[in-house]
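Residue 236 in UniProt numbering is what sits at position 236 of the sequence shown, and the numbering runs on without skipping anything.
The set of hints was computed from the structure by calculation and includes no laboratory data.
Among these hints, one or two may not hold up.
[Claimed, not checked] Below 20 Å or equal to it, Euclidean Cα-Cα: the simulated PhoX-like pairs (lysine-lysine) are:
hint, residue 1, residue 2
1, K91, K143
2, K205, K252
3, K143, K205
4, K60, K91
5, K91, K112
6, K176, K205
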Amino acid sequence: MLNQLSETIYYLSNQNDKERPTLGLVCGDNYSLVVDAGNSVQHARDFLHEIEKLNVPPVKYVVITHAHWDHFLGMNEYGATIIMNSLTSQKMNDWRNYSYDDRSLQEYVDSKKMTSHCMETIQNEIPERDTFQLCPPDIIFEKSLHLDLGNKVCVLGTIRSTHTDDSTIVYIPDEKVIFLGDSAYNTTTNSLYHIKQDKLLPMIKDIQQYDAVHFLLGHESICDLEEMDTYWRELISANYAVKSTSLEEAIKRFEAANDRTANDNELFFLQGFVNDQILQSKATD
Numbered sequence: 001m002l003n004q005l006s007e008t009i010y011y012l013s014n015q016n017d018k019e020r021p022t023l024g025l026v027c028g029d030n031y032s033l034v035v036d037a038g039n040s041v042q043h044a045r046d047f048l049h050e051i052e053k054l055n056v057p058p059v060k061y062v063v064i065t066h067a068h069w070d071h072f073l074g075m076n077e078y079g080a081t082i083i084m085n086s087l088t089s090q091k092m093n094d095w096r097n098y099s100y101d102d103r104s105l106q107e108y109v110d111s112k113k114m115t116s117h118c119m120e121t122i123q124n125e126i127p128e129r130d131t132f133q134l135c136p137p138d139i140i141f142e143k144s145l146h147l148d149l150g151n152k153v154c155v156l157g158t159i160r161s162t163h164t165d166d167s168t169i170v171y172i173p174d175e176k177v178i179f180l181g182d183s184a185y186n187t188t189t190n191s192l193y194h195i196k197q198d199k200l201l202p203m204i205k206d207i208q209q210y211d212a213v214h215f216l217l218g219h220e221s222i223c224d225l226e227e228m229d230t231y232w233r234e235l236i237s238a239n240y241a242v243k244s245t246s247l248e249e250a251i252k253r254f255e256a257a258n259d260r261t262a263n264d265n266e267l268f269f270l271q272g273f274v275n276d277q278i279l280q281s282k283a284t285d
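The task is simple: from the sequences and hints, build the whole structure.
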């Protein structure tokens, strides 16, 4: 079932148990645009089935926010113009050349090119895998792209991100709505989750240049401005407290600076920034 944010914007909520991210739908007078394609053929079909229940213009565009499998494996299903930034397109080249039979999938998992959950999703939710091949993008952009759906302008832009280096956002100015994909999240390197300290403040600056009051995230669905401001504030406070690879020292700095103990979110962020320090120290060894 689709959630309706306004007369022209809908979204399908994330399902974390299936690693299905939030999918967006923006409707103009003439065309509709989809934000992220889904993690499988079945995910895309489920979304399209819900869209068919609405009296909206046909889907003309599908925007891929970044090159992580759960956001693009369903893109063949839409029969629409596929749009992504140039770095996302480069990152997806390997996936376009992959074979999707069981033996090949297991090889990708063993070589850590793919997670076991991704393999299981492909096996269960992509039929006719022997002939499955991802289609190439139809439009590749660099920094920004404006699309007019008919009295409904969508602004696509690349931003700096703590999650990946190929993040695209989709902003709808007249609605003050922004789709962030996974850009505001942490990332994982060598099985260690971490938050990139050098990307945090630039990312927040990039996102806050858009006058938004509703924020749709890949695995949270929707946040309002107050929730996002709280999220940024907690991240920034944790970031300033981390100067080394010691979590204990970071917690002490946090408590001294804020005159209180860290909440659960802030403790998670503190550990994420400490992990980033650990990875950076290993990289310079």
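Structure-based check of each hint:
A distance of roughly 16 Å separates the Cα atoms of K91 and K143; the hinted pair therefore holds under the 20 Å criterion. The suggested pairing of K205 with K252 is violated, with an alpha-carbon distance near 27 Å, which exceeds 20 Å. Between K143 and K205 the alpha-carbon distance is near 16 Å, which keeps this suggested pair within the 20 Å criterion. Of the pairs offered as hints, the one joining K60 and K91 is violated, with about 24 Å between alpha carbons and a cut-off of 20 Å exceeded.
A hinted pair counts as satisfied when its Cα atoms are at most 20 Å apart, and K91 with K112 qualifies at roughly 15 Å. This hinted pair checks out: K176 and K205 have alpha carbons roughly 17 Å apart, not beyond 20 Å.
The structure fails hints 2, 4 (numbered hints given earlier, in ascending order).
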